[in-house]
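Starting from the given sequences, assemble the full structure and let the hints guide the process.
Protein chains in written order, with the working numbering: chain U, 1 to 389; chain V, 1 to 389.
Hint data in this document are derived by calculation from the structure and do not stem from the laboratory. Computed from a prediction, not measured in an experiment: that's the story for all the values here. Each hint should be verified, as a subset may be incorrect.
In silico negatives: residues of chain V with every beta carbon more than 12 Å from chain U [what the hints assert, rightly or not]:
id : residue
1  : S52
2  : A131
3  : D297
4  : L349
5  : D352
6  : S366
7  : D388
Some chain U residues close to chain V (C-beta under 10 Å, calculated; not the full set) [said to hold, decoys possible]:
id : residue
8  : D151
9  : G154
10 : G172
11 : E213
12 : T290
13 : V291
14 : Q293
15 : K296
C-beta: ideal position from N, C-alpha, C; glycine also.
2 protein chains.
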Amino acid sequence: MATIMMVGAFDTKDVEYAFLREQILARGHEILAVNTGVMGECEAFAVDVDASEVAAAAGASLESLRAAGDRGAAMKAMGEGAAKVAERGYAEGRFDGIVGMGGSGGSSVVTAAMRALPVGVPKVCVSTVAAGDTGAYVGSKDVVLIPSIVDVAGVNRISRVIFTRAAGAICGMVEAEPASAGDDKPIVVASMFGNTTECVNACSEALSASGYEVLVFHATGTGGRTMESLIDEGLVDAVLDITTTEWADEVCGGVFSAGPERLSAAGRAGLPQLVVPGCVDMANFGGMDTVPQQYKDGTRLFYEWNPEVTLMRTNAEENVQMGRIFAEKLNAATGPVAVLIPLKGVSILDGDGELFCDREADHAFSAALKANLDEGILVREVDHNINDP
Amino acid sequence: MATIMMVGAFDTKDVEYAFLREQILARGHEILAVNTGVMGECEAFAVDVDASEVAAAAGASLESLRAAGDRGAAMKAMGEGAAKVAERGYAEGRFDGIVGMGGSGGSSVVTAAMRALPVGVPKVCVSTVAAGDTGAYVGSKDVVLIPSIVDVAGVNRISRVIFTRAAGAICGMVEAEPASAGDDKPIVVASMFGNTTECVNACSEALSASGYEVLVFHATGTGGRTMESLIDEGLVDAVLDITTTEWADEVCGGVFSAGPERLSAAGRAGLPQLVVPGCVDMANFGGMDTVPQQYKDGTRLFYEWNPEVTLMRTNAEENVQMGRIFAEKLNAATGPVAVLIPLKGVSILDGDGELFCDREADHAFSAALKANLDEGILVREVDHNINDP
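Rendered as structure tokens:
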């Protein structure tokens, strides 16, 4: 028997949650009910953590949220509160999995609680927004969205089926406890792009042969965030950050940014990390027509990687900025750090004679990095392209 | 004990699927294994439907797919074949739920099979693309994507947990058989937008009071497609198609198109349908900067509904086109059809004196509709706005 945290707006969706709750109880599991409904009370069943406690966990009060009448602000506060309640409750061993339901607003609150939990903890949210851009709801975690098909509003012929299957999913997931394999190898995470695949594959093979397990993440924003998130969860032993290109997107407003926290987790965790400025020569956009107007002044090089991805060569100024940021991030590291700089290009496209080959920009990066990096940190420049064997 | 169809590329992902299979068998369920892997054989376990059968179901041959060496074309054929195999197998009662795994290509094949099955049949796909735009994978069905966190490549410390939870999810879902409620009311589906909410709510209340169950769908493309899909599955008794705006997006290239099949299912199924050209005065785009260049000639009216949604007033020419399309769709209907045309505007914004008020465009629609509609079909024009009580 397991305990499942059921989180959601029990004031407006009490009928729906009462149905879900019955299905879970009928399978022999227990419920920890957390109410995030701002406006009213829950009449349908007993609540374990009421909405005022959730608001308080976010430093807000239910009364002030009600009085302010700002739906967006209230949702944000309840999401933050639910995340705190979930994180704390899980650390205290109070539940084994989490389930919730909602439209776009409700899903944002429920999944905020889910994203606060480690990978591997079962997380199921019935949602109206499962067929669309789920990035903000899922984040870098294993949040499972079940399409609600109809609105999460009432128990009808369709929703009854969906809610029952959702109860089955969360129950089945908590019942399927993963066996711990005693012989697990130390884990190395690595960042990759098509433009650095050769390099990463070669490293992976060498590390695997030496008894490590290598987990590779595509540097598409989600990939980098997931990698950093696993490091924060303590699942990782060393970091091979060969493709730090997400910083180019962060600096240039590209589509594959992993946010300003990228390149922080390994240092924070004190893990050994090898950092290479892989693919910082390129920022990513969608189709050519999505490239921001500001870059269409004729001074920029573009490459259509495929119809959906346009690469833009970063310039010297952006590389100086990245060099400084990398130095700042790595100076903050509490573990061993080494930087490797390939002098013949940081991607395939930046190789000698290739379209993005711009040694001035490359040099701008390394000069800014070296000028700002603490003395103890090893920087090694090698006279090769990043993918050279 | 249930049977779960396990579908995927067993040639390249045999280790991963063998692990998933073991977890499902350990819970006492059976596996119907369908191989969609084009390049090689499956050595790890017994296959029930092999890849050549899947290819044949799509009218292709495995040899020719291999010989052509076109990865995209092969994926497409195997997806079509898997959909056929799934549809046929489910109709024959050969399985109770479906599970698969993959990257973006693998997920497209696996979810093609899932989308061929009715809503309510458990569908679980472990996928690298669960945190992003899932629209094409989920479609209008209850396809459940489980984020793979790491690539679906090998059984490692992370993937072992994810795969185990996925096995738990599909097993729990097939075990949770929804109770059929004997007292189910006849189902009416209705299409809605913020701009027609008042109208739809009033209809819903009246229908509910008369003993119907009303399911409301937001006309955001997914909503209209889901509504049509439920009609095709035979779950619906009548159709209140009050918000046919998705055709404006289909005609103008907006973001909420439901494709050229919208407005077809009810007629095909012979269901009674009431059709209103709700919100055909507006096509939807994202933020103002996403509006296509062709519309920025100064002749168009725009309204920023919110920072993420820009509405564009449709013109007379587009309304003529829609009038003709509506006539064609309704002429093909095999059941009773009535059309209601509100002469004082088809949305709030199209009300007298409102920003989008353009009676010339409105008239262009109704004139084109009436000129092309078969004689037997009832058209009633009322001297009200769509939302008038």
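Check your understanding: Checking against the hints above, which ones are violated?
Key -> 2, 13, 15
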